Amino acid sequence: MTNNDELDQRLLKADPAIKRTAPELSEGILASAIASENKLSIRARFELLSQNLKRASLGFAVGGSAAAVAVAMVLTSAPAPLIQLSASMQASGNPRSATAEMDGGADKMMMPFMNFEYLAGPNLSDETGSGQVYKLVRQSSPREVLQNVAAVFGVEGSMNKYPDFNNETNPGYFFGQSNDPWGYDGKNPVISLWWSGTASWNYSNPIAYPESTCEETDADGNCTTWTEFQPTPELLPSQEEALAKALEVFNATGLNVSESDIRIDSSEWGVNAYASLEVDGQPTNVEWYMGWSSTGVISYAGGHSVAAEAMGTYNTISALAAVDRLSDWRWSGSPSGSFYQRFQSSVMVEPAPYLRTDDVATEGEATDTSELIDPAPGEQIEPETVTLTVLESEAALLSIWDANGEVWLVPGWILINDQGWFGAVISLIEGVIELPKETDIMPLPADDTDVSNK
Amino acid sequence: MSPEEFTTLYRGLLPQISSYLVRRCDRADVEELASRVFEIAWRKRAQAPKGFELAWLYRIAGFVVANHRRALNSEKSFVARFKPLDFAPSPEDIAIADLSLSKAWSKLNPFERQAISLTAFEGLSNQDAAKVLEISPNAFTQRLAKARANLRANLS
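Chain order of the listed sequences is A and B.
Heads up: the first sequence begins at 1 in my numbering, then just goes up one per residue.
Heads up: the second sequence begins at 1 in my numbering, then just goes up one per residue.
A few of these clues could be false.
Unchecked claim - Taking lysine-lysine pairs in the DSSO-like style, the calculated list, with each CA pair at most 27 Å apart, reads:
1. A:K13 x B:K50
2. A:K19 x B:K103
3. A:K187 x A:K161
4. B:K107 x A:K437
5. B:K50 x A:K187
6. A:K245 x B:K50
7. A:K187 x A:K245
8. A:K437 x A:K161
9. B:K146 x B:K107
10. B:K146 x B:K103
11. B:K146 x A:K187
12. A:K19 x B:K107
None of these hints come from the bench; they were simulated from the model.
These numbers come from a predicted model, not from an experiment.
Chain B on its own, in the form it takes in the complex:
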């Protein structure tokens, strides 16, 4: 893929990546993290699945966010380094608008938060969200259904 093809393809996805990152990190960090996402996307450009470029970018962005969080947390705690990767908006991110939802959100595990955020916030279909996670659409549908049931239960 040439530089021009890369730019033509990904320029239209800049807003989605910005929104994805701002949901999960401080606004001040978005530009730097976005730079890392696209550096990786450029280096791995031959691997981008045709027609699923946004899902592929989200996957890269998820790891950039998770490692960014680990870097921040590990400055505070050695044990924090061993927590599972967390790709979803945090309860603190949700609390900006809805405190009780934030509390219910905090009781979900990272994989449940991830499943809900990809569909509810990023607006992905189950098929595209499954691509982000590299699992089958059926597996994702199950995971999402379970996550939503747990969130509803936590809110009750």
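One chain only, chain A, in its complex shape:
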């Protein structure tokens, strides 16, 4: 054999998906995926409610002077927590949380056999302090938000409710011209809005992307060669143009920023702009964003309709004490994306001992060619314990979700370790937040992203 074309033709004909027809997957799979997380949140709420009912019934069961004692005990006991934390959001909504590190697979799917141990470095401060807690409160109304965003992007049409995912706690709407129940027809731009949490909206323009055309078909009329897109950087906005437009859009949709607050990220394939909500001078992970596709047209954008309401000042623990919280996923919070940008290129740990490198790097180019090998016969694959020493800390505002689907901004510590990575933990003293039960932990199941010996 056989030149490249012949090999390609032979491979195409041997594609298993031709003979073994792929089943059509329904969108219900996506709905179920989302609901699988919400079920845990409902369970967490039920257990909290059960605990509250038990406390109440105990009070009613005691009679006479004993009841007076019970009341006195309630009056002199600790105040109720300000926030009841959601179990599911803490475990899954924080991409770089302590949970992700403990999961061992969230970022490093090829190196799953790891446990992490955290030590405090010598320079961490043991000073306690205090910080303001904010609740993010939705502003305006769904209709007004959609109409405003539609005006900004020149979208015509009307407002509709989504057929699914609509319930009292999480109503969803869209605005556009399509008759599709989801507002998507592949031809018209659409704006969507979910009236819960931070009331996030999203603009999407399906015709902003280049169309793929078939260049070659086989004898049966099946396409064998699709257009290979080339970048068209000449169509993209310049840095200045992107900044000016992003400033206009972000300000018009409720985010008061200046050009210096906007980050531009560009390649020959497209341009993206981001800016985050700042509260009391601190960046948060509540972001506005927009992007231009390779055609130079705005293809997507998103933002929120929310304002931060101060809920009081509470005491906080020291950075030194916070190191212990890295091992408990319930204390994790989401920091501003700027922290991920700073630490994005850091390599977390040395490869596990069962990895080896292969291939030869080209001249002047470092390549990642690590691959797994079989362990020696009879050798058990034991998890490797990696010790991370926290060397530095920075105060930051972290976002967390409560059991009612509301978002809060709370004081936290960014704890930077000796591998150049970080964990973000809430720094409020115990008692301000009611944590979910530790048994409600839901890191990803071991059989999904981790290598598991079943």
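Model the placement of chain B on the given structure of chain A, informed by the hints.
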């Protein structure tokens, strides 16, 4: 990312994920495995790289397939648990259409099969395939070239 954004973004990728899975597993298992893929994608939605969502889904799907295969194999053999992860269509999958190609395919290692399948079957560019494997495009190009050379040699 809201539920609506997630659905809008990923509904268009359902056919590709179905095809990816049916190339590697029994058709009867595709729906269950696809459910696992999107459950993980939802939980890790904040990590999805903008513009490379399909490559990211393929990466998740690869691990779901590999662990599914391990689960099936480990029921038969304890030692099978320690085999390297295998993300590509198997020789048996290829044999449906081309027996001699299947034999040549079986002589490739899992990483070579993976490189060829991502480009030849999933139709990814070298850049996107490199994203799936989280290696540099240059490293992927080398791996693919070597894999194709080995496959041609095995067919000769």
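message = Please verify whether K146 (chain B) and K187 (chain A) have alpha carbons no more than 27 Å apart.
response = Distance ~42 Å between K146 (chain B) and K187 (chain A) Cα, so the pair is violated.
### Query
Within 27 Å, alpha carbon to alpha carbon, are K13 (chain A) and K50 (chain B)?
violated (32 Å)
Are the Cα positions of K19 (chain A) and K103 (chain B) separated by 27 Å at most?
-> This hinted pair holds, its Cα atoms lying about 18 Å apart.
Practice problem: Please work out if K19 (chain A) and K107 (chain B) have their alpha carbons no farther apart than 27 Å. | Solution: holds (23 Å)
* Take a quick look at whether K437 (chain A) and K161 (chain A) sit within 27 Å of each other, Cα to Cα. => violated (35 Å)
Between the alpha carbons of K146 (chain B) and K103 (chain B), is the straight-line distance 27 Å or under?
Holds, because 18 Å separates the two Cα atoms, which is no more than 27 Å.
Given the hint that K245 (chain A) pairs with K50 (chain B), test it: the Cα-Cα distance must not exceed 27 Å.
Holds. K245 (chain A) to K50 (chain B) sits at ~20 Å (cutoff 27 Å).
With a cut-off of 27 Å on the C-alpha distance, tell me whether K146 (chain B) and K107 (chain B) pass.
Measuring from Cα to Cα gives roughly 13 Å; hence the hint holds.
Check: For the pair supplied as a hint, K50 (chain B) and K187 (chain A), is the alpha-carbon distance within the 27 Å limit?
Finding: holds (21 Å)
Quiz prompt | Pairwise hint evaluation, K437 (chain A) against K107 (chain B), where the allowed Cα distance is 27 Å at most | solution = Not satisfied, since the Cα-Cα distance of roughly 50 Å exceeds 27 Å.
Exercise. Is K187 (chain A) close enough to K245 (chain A), meaning Cα to Cα at most 27 Å?
Worked result: Holds, at roughly 23 Å.
Item to complete: Could you grab the alpha-carbon distance between K187 (chain A) and K161 (chain A) and see if it respects the 27 Å cut-off?
Response: Holds, at roughly 20 Å.
Hint violations for this structure: numbers 1, 4, 8 and 11, all remaining hints satisfied.
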